[in-house]
Structures are given as C-alpha cells and as structure tokens.
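Based on the sequences and whatever the hints tell you, model everything.
These are the residues of each chain, in order.
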Amino acid sequence: MIILGIETSCDETGVALYSETAGLMAHRIYSQIALHEEFGGVVPELASRDQIQKLLPLILQLLTDEEIALSDLSAIAYTAGPGLAGSLMVGACVGRSLAYALNIPAIPVNHLEAHLLAPMLEENPPTFPHLALLVSGGHCALIHVEKLGGYFIIGETQDDAVGEAFDKTARILGMPYPGGPKIATLALEGNPTRYHFPRPMTDRPGLDFSFSGIKTFAANLIHQEGSDPSTFPDIAASFQRAIIDTLVIKSRRAIQQTGLSTLVVSGGVSANQLLREELALMARDLNIELHFPRLEFCTDNGAMVAYAGFQHIKQGKKTDLTINIEPRWGMGSNLRLIHS
Amino acid sequence: MPPCVITCGMAKILSIDTSTAACTVALSVEDKVIQRHKIAPREHAQLILPWVDSLLAEAGITLHDLDAIAVGQGPGSFTGLRIGVGVAQGLAVGASLPIIVVSSLQIIAQTAYSELNHEKILVAQDARMNEVYWAAYSKDKTGLMKAIVEDQLRLPSEVELPEGDDKWCLVGDAWNVYSQVLAERLQTLDFQPAIDIFPKAECLSQIASQLFNLNQIVSPEDAMPVYLRGKGAWTAVSHL
Ligand SMILES: Nc1ncnc2c1ncn2[C@@H]1O[C@H](COP(=O)(O)OP(=O)(O)OP(=O)(O)O)[C@@H](O)[C@H]1O
Ligand SMILES: [Mg+2]
Chain V
1 MIILGIETSC DETGVALYSE TAGLMAHRIY SQIALHEEFG GVVPELASRD
51 QIQKLLPLIL QLLTDEEIAL SDLSAIAYTA GPGLAGSLMV GACVGRSLAY
101 ALNIPAIPVN HLEAHLLAPM LEENPPTFPH LALLVSGGHC ALIHVEKLGG
151 YFIIGETQDD AVGEAFDKTA RILGMPYPGG PKIATLALEG NPTRYHFPRP
201 MTDRPGLDFS FSGIKTFAAN LIHQEGSDPS TFPDIAASFQ RAIIDTLVIK
251 SRRAIQQTGL STLVVSGGVS ANQLLREELA LMARDLNIEL HFPRLEFCTD
301 NGAMVAYAGF QHIKQGKKTD LTINIEPRWG MGSNLRLIHS
Chain C
1 MPPCVITCGM AKILSIDTST AACTVALSVE DKVIQRHKIA PREHAQLILP
51 WVDSLLAEAG ITLHDLDAIA VGQGPGSFTG LRIGVGVAQG LAVGASLPII
101 VVSSLQIIAQ TAYSELNHEK ILVAQDARMN EVYWAAYSKD KTGLMKAIVE
151 DQLRLPSEVE LPEGDDKWCL VGDAWNVYSQ VLAERLQTLD FQPAIDIFPK
201 AECLSQIASQ LFNLNQIVSP EDAMPVYLRG KGAWTAVSHL
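So the protein lines, in turn, are chains V and C. In case it helps, our numbering puts the first sequence at residues 1 to 340. In case it helps, our numbering puts the second sequence at residues 1 to 240.
Derived from the structure by calculation, the hints contain no laboratory data. In this text, a Cβ means the ideal position worked out from N, Cα and C, and glycines have one as well. Treat the hints loosely; a few may be bogus.
[Stated by the list, open to error] Pair by pair, the computed Cβ-Cβ distance ranges are: (1) Phe-128(V) x Gln-46(C): 49 to 55 Å; (2) Asp-222(C) x Gln-224(V): 39 to 45 Å; (3) Gln-216(C) x Leu-188(V): 22 to 28 Å.
[Claimed, not checked] Taking lysine to any residue pairs in the SDA-like style, the calculated list, with each CA pair at most 25 Å apart, reads: (4) Lys-54(V) x Lys-38(C); (5) Lys-317(V) x Trp-234(C); (6) Lys-182(V) x Thr-235(C); (7) Lys-54(V) x Leu-228(C); (8) Lys-231(C) x Thr-262(V); (9) Lys-231(C) x Lys-317(V); (10) Lys-38(C) x Ile-29(V); (11) Lys-231(C) x Leu-70(V); (12) Lys-318(V) x Leu-47(C); (13) Lys-54(V) x Ser-219(C); (14) Lys-12(C) x Thr-319(V); (15) Lys-54(V) x Lys-231(C); (16) Lys-317(V) x Thr-235(C); (17) Lys-38(C) x Thr-319(V); (18) Lys-231(C) x Thr-322(V); (19) Lys-318(V) x Glu-43(C); (20) Lys-317(V) x Ile-195(C); (21) Lys-54(V) x Ser-96(C); (22) Lys-231(C) x Gln-32(V); (23) Lys-231(C) x Ile-29(V).
Next comes the structure, spelled out in structure tokens:
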C-alpha cells in the first residue's frame, strides 16, 4: 500500500510517498518564501497561485524520480485545513480528483494532526499515550494524546502563536518573513540575560500561554534603545530565552500534572535549537522520553500528511466525492470528526 | 459496416467551467451533449465531482473512455478558476488525458450567441477594484465565437472598442455596476445591453470539439488559470 500525501495549507507545496512496508519513500518541498519576502508576509492570493503552478509538476516529478506509477498508488491524502482557503483548495481539488480518476480512496487530513504525527516518521517513534507540545506558525498548544485520533488540548495560547511572536518581533528588527530562524541565528551572538523579558502566565497555575506581551515588550524595548542595531543580538537572545523558558516551564508543569512519561514536540518552532536543548535537559531531569521530528519535518511538508493519511486509511476512513476544505478546522477531541 | 470510430465519431469531451457563480459541467459523446448547470456561488467544489460521476454514468462510459477534458481558464473568480483547473488537472492526469483550455469570456460569448442568436457579442464581467474583464467576440463561418478584441482587464472607461459599424450585444454582469461609464465609453458603438449571461459547459464543449480536432491540446501541468490581474495589484502585508 502506497499513499500519496499532499500539503498545500499555506506557502509551502509538499508531496510525499509513504509505503505501508517501506515507510517514507520520498518527499519533495517547494517553498514560496522568496515570493512573499517582498510583501513582508504571505499574500493569500499569490500563495494560491503558486500552489496551483507548483503542485502537479512536483507530484509528477516525485513519481518519476521514485519510479512509481500512478497505478501503484493506493490512496491520496491531502491537507483539508486549517490554513488559507485558496491554498487548501488547490491540494483538495487536485488530490480528490486524481483519486477519483484512479478509483482509489481520498483522505482529507487535519494539518495540526499531521504536525502532531510528524515525529512518528523517525526511528523509535513515540508510543501512546503522550504529551504533545505543538509550536507552529499559527498554533501553540499542549495536547494530551491518548491515542491516534484522541487529542485533548490541556493548554493553548490566549493570543499569538509562538511562531507568530517570532515572526512579528523579527519584522520589527527589520528581518524578512519568516523571522523565526533568523532570530535564532542572531541570538547566537547575543547576551540572553541583558534584557529581562516577562515569562507570561508562568507565575500562576495553568497550562495556557500568552505571547503578545513578550512581543509588545520587544517592540517597546527596540524603540527605547533607539532602534540601534548593535542592541539587536542581545534583544533577539533575551526574547528567544523568554519564549523558550516559558515553553519549558509549561511543558514541565504539564508532564507533572498528567503523569505522562513521553513528550513529543512538533511544528515549525520545534526546529529551534535552544528549545531542543532546553527540553532535552528537562527530559533528563524528569526522566521522560523526548521526541522531535527531523528538522525538515518541523515546518510544513507532505510526509506528515502522507503518514496521517496512512493511519486513517488503515482504519478504513475515506471521503465522498464532494471536495471540502476547513480553513478553520480546530483540533482537540473534535479531530475525531474528520472523516465521514 | 463496422463502426467508424476515429473519423466519424465526435470526440468524447468532459467540459468544466467554474469562473462565475455558475457551476457548469457537460459531457459530449457521439453527437449528444448532456449537462449539469446551477447558479451556486461557493458550492462548485462540492458539486463538480458528483456531477462528473453522474454524467459519465448517464452516458454509460468511464473517464478513461474520454478523449480530453476542457476547462474554462478565465478570466473570472480566482478561486473558481483554480477549482476548475485543479479538478481538470487531477482528472486528466489520472486518466491520461490531454486538457483543452478555453477563455471563459469566449464561453460566455458562445453561450450568448446560442441563447440570443446574436453574432456580435461584447463581454463585460465585473472584475472588482473598479475594473472589468472585457472582450469582443464575433461568429466565424464554423459557428464559433472568435475574439475580435482580445480578453483584457481594463477600467470601464478605457475598454478597447472593436472597429467597424456592426451591431453589438453587450453581456456580462459589469453592466449592472458600470452602466453609466460603459455607456459613455461605448457611445460611438451601435450596441444594446442584454441580460447577464452565465457560461454554459455545453457551449464550451462546442468550442472544445473544434480545438480538439485542430490538436490544440495541452498536457495537464500546462493547463493554468489566466487571471489577467497580476501580482502588482497586491501591496505589502500589514502587520501587528
Ligand atoms: N529555528 C526556529 N526558531 C524559531 N521559530 C522557527 C524556527 N524555524 C521555523 N520557525 C517558525 O516556524 C513557523 C512555521 O512553522 P509551520 O510551518 O509549522 O507553521 P504554519 O504551517 O505557518 O502554521 P500552522 O501549522 O500552525 O498552521 C514560522 O513562524 C517560523 O518563524
Ligand atoms: Mg504548519
């Protein structure tokens, strides 16, 4: 059984082949970063235009390179939400129609569930139940993962997502979108103790997050320092430190509260080196298992979609002939309503 | 006598246009065209594959029996165009078929000709942002509408006028919005505004059959929407 996975939820076009016997066979990503840089962020209409230009050639190239015929495919999985409507629609239309023409099942996949499952593509994958920390461009949540399809949010951000906080602060520092990795690089040359950023919502019980305060603090600080570029490395380092500290404090608290012994981290910000190091220290301290996706599967990709689709097809799930997208598809226990 | 498939049989073509509020799909087999058509804003993605499936079932054939898939490539609703082209691509790749791309304004002109029996059609569709998608089509000797003024995105006050003193019929939803400024621009022209005309896939299939016979086909990955509005229309994203 071979599943084709398609990811087009935002500004990345991802495709992958996942085999029941061989695991992940191959994947391809086309990133639109260069297109959106000049606009300072993702322009939805332009993202959608690039998606339809890139998707089919990327699928055909992947199949050719891997010497897989269309007739070898057993199912097609595509991201149906959450994400940008125009971008989602491209993957859903091409994916659903191709599956119809090949007379194989189609599976709409929740993008957040795909992120959550990305670490399963690694060697020695995590087992259920576990605690998941999802840190992406649009989300930040702690999730009690009981089993496949059983996701219970036990903490989430009240305002900005963590990747969003990175991107917005980077923008004030004059760095192009997406700023997360650029802040992390700049922070390497900075002193993380020079400025005292808040660690929001850590001084009271609870597992929710808030990042807009840190972002505003950064904006004010940059202004106070006269937008002097020589202060930027220290600001970046202190900002990053505050975010990572907050994530670690809440993750520790969630592990202690739930008694779970495995932490699984995913989403774009899980590529952050400092986060990886600090969580590794915490895991050693708490004597728990820790799992990350490989770096290229932290951000959006087709492999995680193919894998999530594979898990659903194993349970006999598929969709009818109507093409549906869910730009605001949430997560948590309602994920179980994904399929008809 | 054995059936003559290649020379006498009309091409079997599935035709799709989702550039407007109309979702329209047609199947031409032998000398018959069957169609599903509904004014259904925002429902296109839900309607289209069930219709394809039921049209094929009604004709008693499968996707793989087709010769080509035809799709209206715009201009029109951006998301609509991507639905039509995306579905056409998926179907075509999966069934190893070529695609025939046709201007959505030409489909509207062809539909207008078939409904109004008028041979000279001006098409003016509201493109928002104070602009219109504009073209002039005229019937050729084969009965197909051909562009006299090519598809364009213009201010209604600056649309390109066809030459000559023909009598024109103006169709499309732009008249509802810009009647005054359009009337002023067209004052040297002999024209009458007609009702709004939605494209019909059965008229697309008429155009597509001829293009197929002329071998005017593209491979699925080369079938792309034609938006006319370029990326210059978008400005920097606002933040915070
Ligand atoms: N090394 C890093 N440090 C901090 N942030 C990073 C790093 N690498 C990537 N990011 C951030 O990750 C985000 C992108 O992640 P991802 O692709 O998962 O988000 P998304 O798909 O846009 O949102 P979502 O998955 O929530 O819908 C961006 O905000 C980016 O700045
Ligand atoms: Mg993502």
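These are the hints, each one checked on the structure:
| no. | hint | in the structure |
| --- | --- | --- |
| 1 | Phe-128(V) x Gln-46(C): 49 to 55 Å | 35 Å, violated |
| 2 | Asp-222(C) x Gln-224(V): 39 to 45 Å | 55 Å, violated |
| 3 | Gln-216(C) x Leu-188(V): 22 to 28 Å | 57 Å, violated |
| 4 | Lys-54(V) x Lys-38(C) | 31 Å, violated |
| 5 | Lys-317(V) x Trp-234(C) | 40 Å, violated |
| 6 | Lys-182(V) x Thr-235(C) | 24 Å, holds |
| 7 | Lys-54(V) x Leu-228(C) | 19 Å, holds |
| 8 | Lys-231(C) x Thr-262(V) | 47 Å, violated |
| 9 | Lys-231(C) x Lys-317(V) | 40 Å, violated |
| 10 | Lys-38(C) x Ile-29(V) | 37 Å, violated |
| 11 | Lys-231(C) x Leu-70(V) | 34 Å, violated |
| 12 | Lys-318(V) x Leu-47(C) | 18 Å, holds |
| 13 | Lys-54(V) x Ser-219(C) | 14 Å, holds |
| 14 | Lys-12(C) x Thr-319(V) | 28 Å, violated |
| 15 | Lys-54(V) x Lys-231(C) | 17 Å, holds |
| 16 | Lys-317(V) x Thr-235(C) | 42 Å, violated |
| 17 | Lys-38(C) x Thr-319(V) | 23 Å, holds |
| 18 | Lys-231(C) x Thr-322(V) | 31 Å, violated |
| 19 | Lys-318(V) x Glu-43(C) | 21 Å, holds |
| 20 | Lys-317(V) x Ile-195(C) | 47 Å, violated |
| 21 | Lys-54(V) x Ser-96(C) | 19 Å, holds |
| 22 | Lys-231(C) x Gln-32(V) | 14 Å, holds |
| 23 | Lys-231(C) x Ile-29(V) | 23 Å, holds |
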